[in-house]
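Chain by chain, the residues:
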Amino acid sequence: MTRWAMVADLRRCVGCQTCTASCKHANATPPGVQWRRVLDMEFGEYPDVQRAFVPVGCQHCDEPSCLDVCPTTATKKRADGIVTIDYDLCIGCAYCAVACPYQARYKTERATFAYGQASAHETQRRDDSRLAVATKCTFCVDRIDAGLAKGLTPGVDPEATPACVNACIAEAMTFGDLEDANSNVSRLLEANQHFRMHEELGNGPGFFYLWDRLEETKP
Amino acid sequence: MTAVTTTRRVPTYCYQCVAGPDLLTVKVEDGVATEVEPNFCAADVHPGGGRVCVKAFGLVQKTYNPHRVLAPMKRTNPKKGRDEDPGFVEISWDEALTLIAGKLQRVREQGLTDESGYPRVAASFGGAGTPQSYMGTFPAFLAAWGPIDMGFGSGQGVKCYHSEHLYGEFWHRAFIVTPDTPLCNYLISCGSNIEASGGVTGVFRHAQARVRGMKRVQVEPHLSITGACSAEWVPIKPKTDAAFLFSLIHVLLHEVPRERLDLPFLAQRTASPYLVGPHGYYLRDRASRQPLVWDLSTQTARVHDSPGLQEAIEGRFEADAIEIGPDGDVLADGLLPGSTAFTRLVDHMQPYSPEWAQTICDVPAATMRRIANEFIDHACVGQTIDIDGLTMPYRPVALTMGKTVNNGWGGFECCWARTVLTTLVGALEVPGGTIGTTVRLTRPMSHRHESVKPGPDGFMHYPLNPTDKAHWSPSPNIRNAYRTMVPLAADGPWSQALGPTHFSWLFLDETPKGLPRVTLPEVWIVYRTNPGISFWDTQALGEKMARFPFMVAFAYTLDETNHFADVLLPDATDLESLQLWRIGGTKYQESFWDHEGFALRQPVVASHGQSRDLTDIATELARRTGLAEKYVAAINKGAGGVPLKGEHGDYSLDLHKEHSREQIWDAVCRAASAEVSDGASAHGLDWWKEHGLATKPYPRRDWYLLPTMVKHGLRFELPYQERLLRVGTELGRRLHEHDMHWWDTQLKEYQALPVWKDFPGLWEAVIGQTGGRAQDYPFWLLTARSMQYAWGANAGSQLMNEVADNITGHRGVIINTGAAARLGIADGDAIEIATPRRKVHGRAVVRQGIRPDTLLLIGQFDHWATPLAKDFGVPSMNALATMSMDLTDATGSGADIVRVKISRAGAGARS
Amino acid sequence: MSFGPNPWHQQSWDGRAAANFMFGGAGSGLIVFAALAGGPTWLLLAGAALVGLGLLSVFSELGRPLRAMNVIRHPARSWMTREAMVAPVVFAAVALAWFTGPRAAWLSGLLAGAALAFVYCQARMLQAAKGIPAWREPLTVPLIVATGLTEGGGLWLLLASAAGPATVLPWVAFALALTARLALWLAWRRRLRAASRALAAIDRAGHAFKAATLLPLALAILAASSPLPPAALIALQVVAGALAAAGGLWFKFTLVTRGAYNQGFALSHLPVRGVRHI
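Line by line, the protein sequences give chains A, B and C. Under my numbering, the letters of the first sequence match residues 1 to 219, in that order. Under my numbering, the letters of the second sequence match residues 220 to 1130, in that order. Under my numbering, the letters of the third sequence match residues 1131 to 1408, in that order.
Looking at chain A on its own, in the form it has when it is part of the complex (with noise of 0.2 angstroms):
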């Protein structure tokens, strides 16, 4: 069995928005979307503050509550845990959109684009069928699915590998196979304290966020 999770260390990351931008043409959002996003966080009072950046999106969850609201079933959860939108069946309720607790659905309206005006990318990756529904990060599925086909490992070959996870120039993301006890993800998780965000909504999520070193592997 297979169980595809994201790993964010939030010690290594910087908030540049290279994961954003990498996954805005990867998937040819349209402006505004941000599948992948990275948040700055604050907390405390001067002079005792602290900031974070926190990469967040679709987290993928165990029991995904836009699925269980969305009255058409265009959203799905597969087998490996990947949940998708089938974007011919969506009706563009938005119902998912308020149904997510991790705020990770768009839907566009109409076609927008940078400079008003279609530029020649956006016309070739132009794709209307995401007009009007919900949309979101897919853990970059066809990647995936198209990787596995050829028999490379998601996470480790950058062909079979999110974009954001390629990009990422911290090296703060990690994707894997969270039933695979020797996977990158699951050496991550055992090797350092880590939550997951909103826990106690009972989403289960797939997307974990490290701390810490775990004090056993403290030097």
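Calculated directly from the structure, the hints in this document are not laboratory data. Every residue, glycine too, gets a C-beta built ideally from N, C-alpha and C. Some hints could be false.
To be verified - Straight-line Cα separation of at most 30 angstroms, DSBU-like style, residue types lysine-lysine; simulated pairs:
1. B:Lys876 - B:Lys864
2. B:Lys732 - B:Lys688
3. B:Lys246 - A:Lys150
4. B:Lys1058 - B:Lys763
5. B:Lys908 - A:Lys150
6. B:Lys688 - B:Lys672
As the list claims (entries may be wrong) - Residues from chain A shown here face chain B by an in silico Cβ test under 10 angstroms; the list is partial:
7. Asp9
8. Cys13
9. Val14
10. Thr18
11. Ser22
12. His25
13. Ala28
14. Glu42
15. Ile169
Once you have looked at the hints, place chains B and C on chain A.
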């Protein structure tokens, strides 16, 4: 019928900012560039895993930006001004080049320099040398031309790491100073915002380091991106870092047992044991005129490089010697009292305790004391490490500095203190410690270690501009007078941009006494730079640009500088042009590779509209100005990045033929290939287009200068700045001999041991000088790097604008929550920032992570012509800051800091 | 302990979606009252019209309206699907009631049952939207049902006044609905762990809501217990009914368009960079 799509991935490099070049591939679908991706083929050699940062992802939009200037244009409105419409109309390339060549020919007829001795042709390129990696063989045209004034700056030399560039290179061939991040365990960073400015390699290395456990202490007035990612944030008062660093030195010298310092390093690798005489100059051996040290084994004074020396680091001694001052004056002769430079240092640093410093920099004494002790606790004095089979000292502690700390008044003091601190624990130019990246003033630029040559007094040679009576001249070669005024700026290809580049602008209105009247250049060429936005006093700058008689601007889009141009030329931009560029070795900011070689930047897509590759433009201009042979000769000599004739082959181009862009770069490619393979291959352009890069190993031990210093038997010229004292005194004499007294304040910066001065007071004084009271302008306005925007004309990029919005501060001025509350300012409120003479408007961004007395404007905006950017409504410090002699230090730099007041917009009007 | 940037208001559902809950709930409640308390048959039509108006309104917010029929594909889990499946039953029942003569008991039961089921689906719909703390609170379900019945009762009183003063029973049912709605709102409000700005918006609307619940309640008690002249009773009926309906509609409008802040993002631990933060 299903459409057949052809997809290919084209390798190229990105060098939009100084942290590059980095490597990428661009996906091209049916001839359209669609996606940027890392170049994973380079992952094994690139210290950032073959990746590129966010800005490179803006290159697709840059290529297809509908606002691009895609045809040559000519001005039809003779009146130039911010509010004057230039009336640009499209013309043909032939007409444009005829016009330009005509102007250039007239210049050649009149003489390449004017009545003041300045070049009639000026050229400005921005981005600290990065435009060179985009301008093809244009440098060959410039070289063929003759003297060119490249000193009309857009901020380089003054807003950069200026003092660090000059002093760093002087002391340890460190144009930029970096920690040895992979091995460093403790880093004190005074305002170095490396996570925003260090690019791919910087971020990549530091992320790894902090997961490994490197502790970084960020000493900075605001909680920057770097401060956020650090173990500790020390919110220091602006421009007081010298006091902070002085107090650390005090602790190491006066509170820590002497034997914990790296005494052997100090004794053998620095000038600590050199005896300083009664007039502040070294005691010298009468016969050889070499500096003397006290030899503990013979209990006599001996020359510093005598065999079998056991140098005394501390003490006061008498020696039969002479003391030579400036201009070779013998100041004393006989049995002279001398103390070691180290003893002088110890005495000098006595008053600078943490208790003294805390009242100045608003950092608790206990904190500074703790940091000093943590520094030495982590220093591993005495330990060694094996690097490539060479045993070297292991000192995993480092100190870095950023803009506003290492430039302007106080920059010298900070750079000196940082380097002295480093020497006290022997961490200079060794594994884990504080190391330099590259050289730009000494030569050869491509091989840092080869620039280490023995100079006077056991130190490295440094090509100081002459200050002796026979060779100093008040007639400078270019308008910013670097050769006359700044000995440390040297006189190499980069020196023009490292002189006081605001002087060219400042002196246009009034040239100071003694310098030839600063004239307007007949022809001004501008490429990949926007001084109308990026330099100080933007309004006045615009008015000056309007006076230039003929300005040629290579234009990506209309902007605040080319608004004043006479001709616009559309250049084939980043993904459309062809060039080969050196990569690897060691280079700023944190580009430390285990390989070196070259990478190709190639046309990913065909040039848009009528845009042309700069190589083609250069070739054409050379032909039209009768310089074709010289132009090709310059390329053969290495203007394309590699000399075409070398030990591995001769790929020189025929001087008498005209060569296409492909032919030129094919020859450069072959020469580069031969160099990289040590003669084993000579791949041409086609091979490079497919492979993108080629490298050979670069020895890890070459990251560190110490072995080379040892090899040459040289010492680091620290702590005592006897040479600078001499040179500065000589410069003063020369200036006074010519009745030039306007540099007298700057001359005081030439000290052997710098003292603390009230640096913040200098900026407060400006308020008084401009009709205000300092207490009415209580805020320090600073800037910080935006990684998403910096360089490359990214202000006009919709993608950068969109993703940058995720990082707080891009929408206005950052102000402390408490300070804002006291002023009745809420997040998002319209505000006004003012000096006594000017005001700007924007929005408030209220945050906890900034000192209550400090404001922050990220980046440099305030655009009024650049499409997209002109609608941001974000103000810039540059509209408030002035170009001022008073705020210029001895090396000719200034700093991005202004005293201001802030209020809700409209609040002033009510009262 | 949690850290995080501020929640923001959902941007997906605007007044058109709010109208679905507003009119759907009020309309269903009206049908329930009309089915059980009697009155002219056109009251059922009015109720159905409101339900229809709400559905039409939300239909106009769909991104792909031409595919609207896909909405019924997920009865296994989606309350929106179930709502869409119950709606035709409501309309069919109302049509049946309109076109047939005197109503049989089973038809009244069907009408009331279907309408109740409809408002229940709407309540479950809101509560299933886990992204909005103010909605996902479990008490949202009975609260939405209660206010729907209250609004419906209010509308019934308002509209039925044209045919003369109401009898005691509808007033009692109305009063019970009002009491339930108030009690539930108070309990719901206390349980909310929503963003401060969401609570501020809810509380602002809460004043009007409470007034629009207490005053009609007082009027209902008065009407049910005191012998008043018919004109006065009708006046009470109109005022109480209108207020109760308006209060409920305003509450639901606010809930969807002003109080629907998400929970933002939160970290349960801050990253340790190099060394544990001092």
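Hint by hint, which ones does this structure get wrong, listed from lowest number up? none
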